[in-house]
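2 protein chains.
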Amino acid sequence: MTTLTKTKSVYFFGNNTSDGTGKMRTLLGGKGANLAEMTLLGVPVPPGFTICTDECEKYYACDKSLSESLIEEIKQNIHRVEEALNLKFGDSKNPLLFSVRSGSRVSMPGMMDTVLNLGLNDEAVKGLAIQSGSERFAWDSYRRFIQMFSNVVLGLEHHSFEHILADKKKANGVSEDTDLSVDALKELVAEYKALVEKSGNDFPLDPMEQLTMSVGAVFGSWDAARAIKYRQINKIPDEWGTAVNVQAMVFGNLGDTSGTGVAFTRNPSNGDKAFYGEYLINAQGEDVVAGIRTPNPIAQLEKIMPDIYQELVTIYKKLENHFSDMQDLEFTIQDKKLYLLQTRNGKRTAAAAIKIAVDMVKEGMITKKEAINRVTAEQIDQLLHPMIDPKAKTTVLAKGLPASPGAAVGQLAFTAEDAEQAKSEDKPVLLVREETSPEDIGGMNAAEGILTARGGMTSHAAVVARGMGKSCVAGCGSLHISETDKSVVINGKTYTENDWLTINGTTGEIIEGKAPLMQAELTDEFEELMSWADEIRTLKIRTNAETAEDCTVAKKFGAEGIGLCRTEHMFFEKERIQAVREMILSGSLEGRKKALAKIEPMQEKDFYDIFTILEDMPVTVRLLDPPLHEFLPHDKASIEQAAKDLNVSTKIVEQKINSLKETNPMLGHRGCRLGVSYPEIYEMQAQAIMNAACRLSKEGKSVKPEIMIPLIGEVQEFKMLRQKIEAIVENVFKETGTTVDYLIGTMIEIPRAALTAEEIAKEADFFSFGTNDLTQLTFGISRDDAGVFLPEYVEKGILASDPFQELDQKGVGRLINIAVEDGRRAKPNLKIGICGEHGGEPNSIEFCYKAGFDYVSCSPYRVPIARLVAAQVACD
Amino acid sequence: MTTLTKTKSVYFFGNNTSDGTGKMRTLLGGKGANLAEMTLLGVPVPPGFTICTDECEKYYACDKSLSESLIEEIKQNIHRVEEALNLKFGDSKNPLLFSVRSGSRVSMPGMMDTVLNLGLNDEAVKGLAIQSGSERFAWDSYRRFIQMFSNVVLGLEHHSFEHILADKKKANGVSEDTDLSVDALKELVAEYKALVEKSGNDFPLDPMEQLTMSVGAVFGSWDAARAIKYRQINKIPDEWGTAVNVQAMVFGNLGDTSGTGVAFTRNPSNGDKAFYGEYLINAQGEDVVAGIRTPNPIAQLEKIMPDIYQELVTIYKKLENHFSDMQDLEFTIQDKKLYLLQTRNGKRTAAAAIKIAVDMVKEGMITKKEAINRVTAEQIDQLLHPMIDPKAKTTVLAKGLPASPGAAVGQLAFTAEDAEQAKSEDKPVLLVREETSPEDIGGMNAAEGILTARGGMTSHAAVVARGMGKSCVAGCGSLHISETDKSVVINGKTYTENDWLTINGTTGEIIEGKAPLMQAELTDEFEELMSWADEIRTLKIRTNAETAEDCTVAKKFGAEGIGLCRTEHMFFEKERIQAVREMILSGSLEGRKKALAKIEPMQEKDFYDIFTILEDMPVTVRLLDPPLHEFLPHDKASIEQAAKDLNVSTKIVEQKINSLKETNPMLGHRGCRLGVSYPEIYEMQAQAIMNAACRLSKEGKSVKPEIMIPLIGEVQEFKMLRQKIEAIVENVFKETGTTVDYLIGTMIEIPRAALTAEEIAKEADFFSFGTNDLTQLTFGISRDDAGVFLPEYVEKGILASDPFQELDQKGVGRLINIAVEDGRRAKPNLKIGICGEHGGEPNSIEFCYKAGFDYVSCSPYRVPIARLVAAQVACD
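Just so you know, the sequences run in chain order S and X. The first sequence begins at 39 in our numbering and counts up one residue at a time. The second sequence begins at 39 in our numbering and counts up one residue at a time.
Calculated from the structure, these hints are not laboratory results. For glycine and all other residues, C-beta sits at the position ideal for the given N, C-alpha and C. Be careful, since some hints might not be right.
Here are the simulated EDC-like cross-link-like pairs (lysine to aspartate or glutamate), alpha carbons at most 16 Å apart as the crow flies [stated by the list, open to error]:
| id | chain 1 | residue 1 | chain 2 | residue 2 |
| --- | --- | --- | --- | --- |
| 1 | S | K848 | X | E797 |
| 2 | S | K848 | X | D860 |
| 3 | S | K848 | X | E796 |
| 4 | S | K699 | X | D572 |
| 5 | X | K848 | S | E797 |
| 6 | X | K869 | X | D892 |
| 7 | S | K699 | X | E473 |
| 8 | S | K407 | S | E573 |
| 9 | S | K699 | X | E796 |
| 10 | X | K699 | S | E797 |
| 11 | X | K407 | X | E247 |
| 12 | S | K207 | S | E195 |
| 13 | X | K848 | S | D860 |
| 14 | X | K273 | X | E844 |
| 15 | X | K848 | S | E796 |
| 16 | X | K102 | X | E247 |
| 17 | X | K699 | S | D822 |
One side of the interface only, derived from the structure: several residues of chain X facing chain S at Cβ under 8 Å [what the hints assert, rightly or not]:
| id | residue |
| --- | --- |
| 18 | K632 |
| 19 | I695 |
| 20 | N696 |
| 21 | E700 |
| 22 | G706 |
| 23 | F817 |
| 24 | S820 |
| 25 | I836 |
| 26 | L853 |
Computed beta-carbon distance windows for the label pairs [stated by the list, open to error]:
| id | chain 1 | residue 1 | chain 2 | residue 2 | range |
| --- | --- | --- | --- | --- | --- |
| 27 | S | E653 | X | A262 | 49 to 59 Å |
| 28 | X | T433 | S | N855 | 52 to 62 Å |
| 29 | X | P829 | S | P639 | 34 to 44 Å |
| 30 | S | K465 | X | G625 | 15 to 25 Å |
| 31 | S | K465 | X | T532 | 50 to 60 Å |
Construct the complete structure from the given sequences, taking the supplied hints into account.
Next up, the structure:
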């Protein structure tokens, strides 16, 4: 992929020869590169040419116009296409018609503009009539071209043309477009042109002018609102630009010997190795995608056009082998001749991605490393998404196509805006649409799942939903949707915005009410792929867990230890909270110790259980972190109850609550600051941890406790607390007559800790980056309060992403790098990990790997994702 | 000061010769070095020797004992003293007695132990009787020695001896010590010895044993609790250790030809060039200091002992000239012979320090640079605030944080309104609040001083009080304030509106009743010294000010511009707050703009006035910073009033208050985040600033507005807001037909801003470090909430000082250095300053100077301090 040798801006392909190759995605875009490659492979592709992506930027730089030299190159390439096909652009006998399509480096389906039948004018239409043998077809194509061009290039509204068309049908007493006579179509063309003229534009009759304007429009559509939105969601750089593919038109709608279809070389839903797709006879590609007619399964084509089907099979195998990946093909049959219009790596479900990757390794097509990189973190996430509990009793209301697997539950949203609004209020919704269009992207992203009345497995809704890993049921004919009433009738019953439905994208079922969901089961292929990931990666994966249940799940998912065992809940639980409150209300050390002594055995049992589950894996226990006021009751009734339980007056409880009130609790008396003020709390915890560990040790088990002190900002805090903890540990060793290996380390979650890491590393056995708090402090943003401005920041592009989701490498990352470098200078073998939410986010994992971390720790359900990503980054 | 040539541990002085010199303070301690130097100068000093400071460390290293070699050296030096005086240690005829005193590098008055009359035993006491001609004197000295030695060296309680003494006087029917007979004294000696024996010790009769034990005790007192505490407070390193001075005893209490005194070479109170001091005839030094007898002014000595007086005058002049500083002398006259026991640089009041420094420059004794370094920042501070008459007897009720220096007296006001009411009646009040908020501004301004129960050194109360130059004691936890009862309970006693209190903001003390105050005046010498400071320093000094009054004061104090003009108060003032609330409650851009339009002319007038006062000096205006909820009313009555004023329902106001509520307001929707959400606010402010500036420009005045955007964490915020502000500025230029030079810069107060300073510097004209917030975020400590643990941190030595008072160089300073370095890499001429509270703190100013800042900005009353310190650091 080099542009060093680039001397031209337009690349021809056709007749088994091509200026470009499949490697030139950056320059030619994905579609253009693949058209070139297919042509070189001898696959029948209508000839054409690709205008490079860098011309897109030049277009914007030149005040939205094409340069003279580019127009000259385009003309030369038109000539080459004319020669290849023996047709002539704009000719009245043998006219060459073009499609003009966008094609960026990565696929942005439906996001940008397309113009078809370009080259038609009052002369060429005659030639098309001769070519196709149908004057009706020619004039219908002409009037469609005017409509499309006027809409895409000139910006006129579709419906103005539709009105004229409707009037024309009415005047002619017909109900279908196809029933209009040639004369009526000719009148339509004239009326369409008049409409264009009325709008202040001249409809260009010069084919070259049509083409340059269309190319400009495609470049222009790169900056259309929906394209920008799509790029934001998919993190595609604005500066990439799109290429423009100008390709000779072929027609699938020339009668029963013509047709069009979309096919996948393997099943994109489950990954089965079987040719999979749909086709329509006498139709154009748009008809399949738009879901206006319901297409037939590809297998039926074998019976109707056996030769064509065989040719298609040969081609798909060649293409899959060539690209070493499952392909998504578009083809058109024009009068018994097969043309491939596009091939690309097919979008697929998570399950399919895994199965295909594993199968292809076994078939010798790809390596294990390649397989690892064929599956995305999002797909693993999707796989771990919930399904309907098979044991649950459900009422199936209707069935549509199982367009994107997984289940989703929500109230109903009938417009994209409503779905986005609901999302902002944290309300789960299903987006219910007749069919979706690119304008719905935002709403689809916001919804839990998507339900459409029309369209097939490759409809817009289906493709986009699978890409998003969202559940989708498509083409469910029994839905009767009223967007205006915001209601849907399913089998006679009406459901509105207030009703709940469940969809099962794996089966296509629509279920009444809220069905109980559960996690999907992991396949053998999944386990196999994960085992390869484990072979490749060097980064260890731990989990953030503190309940027996979470620990068990995380272990099942492959966690290699606990990176963050929060101990807060060990203070909160019912029987304990009273003792905790007793401690808080006590005015004396003695009183506090007495209360803590009640809690110690309970915590000891907690630790014993966790250590038992984790066996010989390391368990990092964070000592008490939240401020004490979190343990006190808040409302009047609870205060009264607490006072009663504690046998003190309500006033005393209220006074304590008042005295512990903080203006900024995030920056208050918490973490190790509590340990400094009340060392007895941490001492009790150290006692409980080590008692449990030593008990297990005496039972012959291996235990690896790692005691973590939170919120250190200054090494003296750590030194003081470490000393106190060590004294407790030594005492436990003496009393139990056994020892265990243990570490005492700290969270690095305060900027000052990162800045003074060298000093801290001399005292601490490990660093665990608490990137949640570190992000809050580095940005000066409270997560609890950011809701009112942070989304706006991401939307306006002030921040590339939400720093609480994806680690901010520039600011927070710089602090982390400083801490790692300084820490390892002081202690080369310092163990370093992360226990913030970022530990399960792919880009953040990559950062941690590059920064030299020993492990990342994340929530149990993200452990497989972390394993995969850790392997992917190790492949680079 | 080198130890390279050090070959011995004990340095002799006496008979005009000395092993050491005055330059060897590190080795000999201050006292020892000065004794050596005085001896070399020919000043009559009782001979003796100094045991070096490094022996102190060895003493601890050797398990608290003196090494053999050291004892050997001591013996040799005893011999030299014996020869010099022709006396013999422990002799029964001509005994040599020693004083044993500590002496560290810097003076630690009264902190360590002293033993006098050492060398007395049952034999030597006879010799002393012969020498002194008084058996009574000899035995009284002996019994005193036993008591002192037993207390200091053996650790016996003073009062046990005092009991025996009291019994003895009773038995002898006398009331004064001096009335005891020789026999009675002899009995006392025996009884004292018996007491020592009973305690399990042997009272050592061997003089050498007495000496080695005493030397050990002095070394040991280096680690006495009070000495450690003193070092903590005064930041003296533990490893310095103390020297021990062993010096021949001379006696001022040998009758009317003997005496003792303390003198200063200039008046330590006002700096007048006149010999100043006190003496007592027939007394020991302790008697002068202890105040048991009232001493006579030194001038009277001229009449009584004219020769001695002349000798003393000659000596004091010699010493002052030699040390080029005002000296504090101790002398003893033993039987008509004058001995100097000590000279050191004398402590002095602020006024004296300034006068002496300026006078000495004029006398040609010191340079201007030296003069600058003779005055401390604390002295300047002291000079600028009223203080409690040091002679007054006061009762301290409690102690809080010394939040804003100076003293204030008043009756108590428990609300801002009450304080304002009192002011209107010319009644001086102290505003007593749980903590203050921006709504209390009026009351704070009206009050003489401010006293709060919560909040630290940079709490609202503290910052505002310092800005106003008003005394403030903050965070006094022993206050229990009831706003409803209008009373405060301090240590169990209740004070109401009718009671008077005095606060000392320099010490944090709360004093009962009305303490007498005295006002320091700014002298010509002060102005002269400051003008020298201005010649020397390179760092510019600006002020944090926003009212005409503050601006005028700051200018008078020498401010060279405004580094922080907060604009909050321009929104708070009575007539404006309604428009501000109207803006906040408005749901539309249009509504907000309408409300802002009402505020604009008022702010424009504010800026016009400020620019007019500051003339051609730069004025940095910070755009709105606090979260919007601060502008809404808090209590029910105000909410109802506000609703009525705004003509909306109470519910609407309450809803808005609720929707703006934040968990951690410090980390919330404020600063430039408001500017991003509501650009119209900053646009209005930019409009007001530039309208005012252009008006002045048209009037032929020079204006230098610097617009400062707060809370930037990411360069995109800055870019976006700068663009919007520039558009406004361009428009004002166009409309007014004039232009002014202006800058747009940012506060660096968020760690991420410091970490991404290179990017920000490319866009910003200046950086101003907001070290208050930067410290909060770097430490993760809310200054509003730190009161409950931060004092403990400093007390326990976890932090060396309160980072909100003194800039934390290790953590926050590292961030600042990163930002300065990266910022100047991007823009070498980037203007850099500080506008946090640290801008007026000496160590922090030194840091800023070294970090390469262009200016510091501080509250008006700290401007002279900053000028001085900036000159001092430039001298280094």
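Do the hints match the structure? See the list:
1. S:K848 <-> X:E797: Measuring from Cα to Cα gives roughly 10 Å; hence the hint holds.
2. S:K848 <-> X:D860: holds (14 Å)
3. S:K848 <-> X:E796: Status holds; Cα separation ~11 Å.
4. S:K699 <-> X:D572: The given pair, whose Cα atoms are some 47 Å apart, is violated under the 16 Å limit.
5. X:K848 <-> S:E797: Holds: X:K848 and S:E797 sit about 11 Å apart, inside 16 Å.
6. X:K869 <-> X:D892: With a Cα-Cα distance of about 6 Å, the restraint between X:K869 and X:D892 holds, given a limit of 16 Å.
7. S:K699 <-> X:E473: With a Cα-Cα distance of about 13 Å, the restraint between S:K699 and X:E473 holds, given a limit of 16 Å.
8. S:K407 <-> S:E573: holds (10 Å)
9. S:K699 <-> X:E796: violated (39 Å)
10. X:K699 <-> S:E797: Violated, because 39 Å separates the two Cα atoms, which is more than 16 Å.
11. X:K407 <-> X:E247: violated (49 Å)
12. S:K207 <-> S:E195: Violated. S:K207 to S:E195 sits at ~19 Å, over the 16 Å cutoff.
13. X:K848 <-> S:D860: Roughly 14 Å separates the two Cα atoms, so the pair holds.
14. X:K273 <-> X:E844: Satisfied, since the Cα-Cα distance of roughly 13 Å is no more than 16 Å.
15. X:K848 <-> S:E796: At roughly 11 Å apart (the allowed maximum being 16 Å), S:E796 and X:K848 satisfy the hint.
16. X:K102 <-> X:E247: Distance ~15 Å between X:K102 and X:E247 Cα, so the pair holds.
17. X:K699 <-> S:D822: Answer holds: X:K699 to S:D822 is near 11 Å, not above 16 Å.
18. K632: Result: violated, 23 Å to nearest chain S Cβ.
19. I695: X:I695 check fails; min Cβ-Cβ to chain S is 14 Å, beyond 8 Å.
20. N696: violated (13 Å)
21. E700: With Cβ-Cβ at 4 Å, under 8 Å, it holds.
22. G706: Nearest chain S Cβ about 4 Å off; hint holds.
23. F817: holds (5 Å)
24. S820: holds (3 Å)
25. I836: At about 4 Å, which falls below the 8 Å cut-off, the nearest Cβ of chain S leaves the hint on X:I836 intact, so it holds.
26. L853: This hint holds: X:L853 lies near chain S, its Cβ roughly 6 Å from the closest one there, short of 8 Å.
27. S:E653 <-> X:A262: 49 to 59 Å: About 54 Å separates the Cβ atoms of S:E653 and X:A262, which means 49 to 59 Å holds.
28. X:T433 <-> S:N855: 52 to 62 Å: For S:N855 against X:T433, whose Cβ atoms are near 57 Å apart, the range 52 to 62 Å holds.
29. X:P829 <-> S:P639: 34 to 44 Å: holds (35 Å)
30. S:K465 <-> X:G625: 15 to 25 Å: With a Cβ separation near 22 Å, S:K465 and X:G625 satisfy 15 to 25 Å, so the hint holds.
31. S:K465 <-> X:T532: 50 to 60 Å: At 54 Å between Cβs, range holds.
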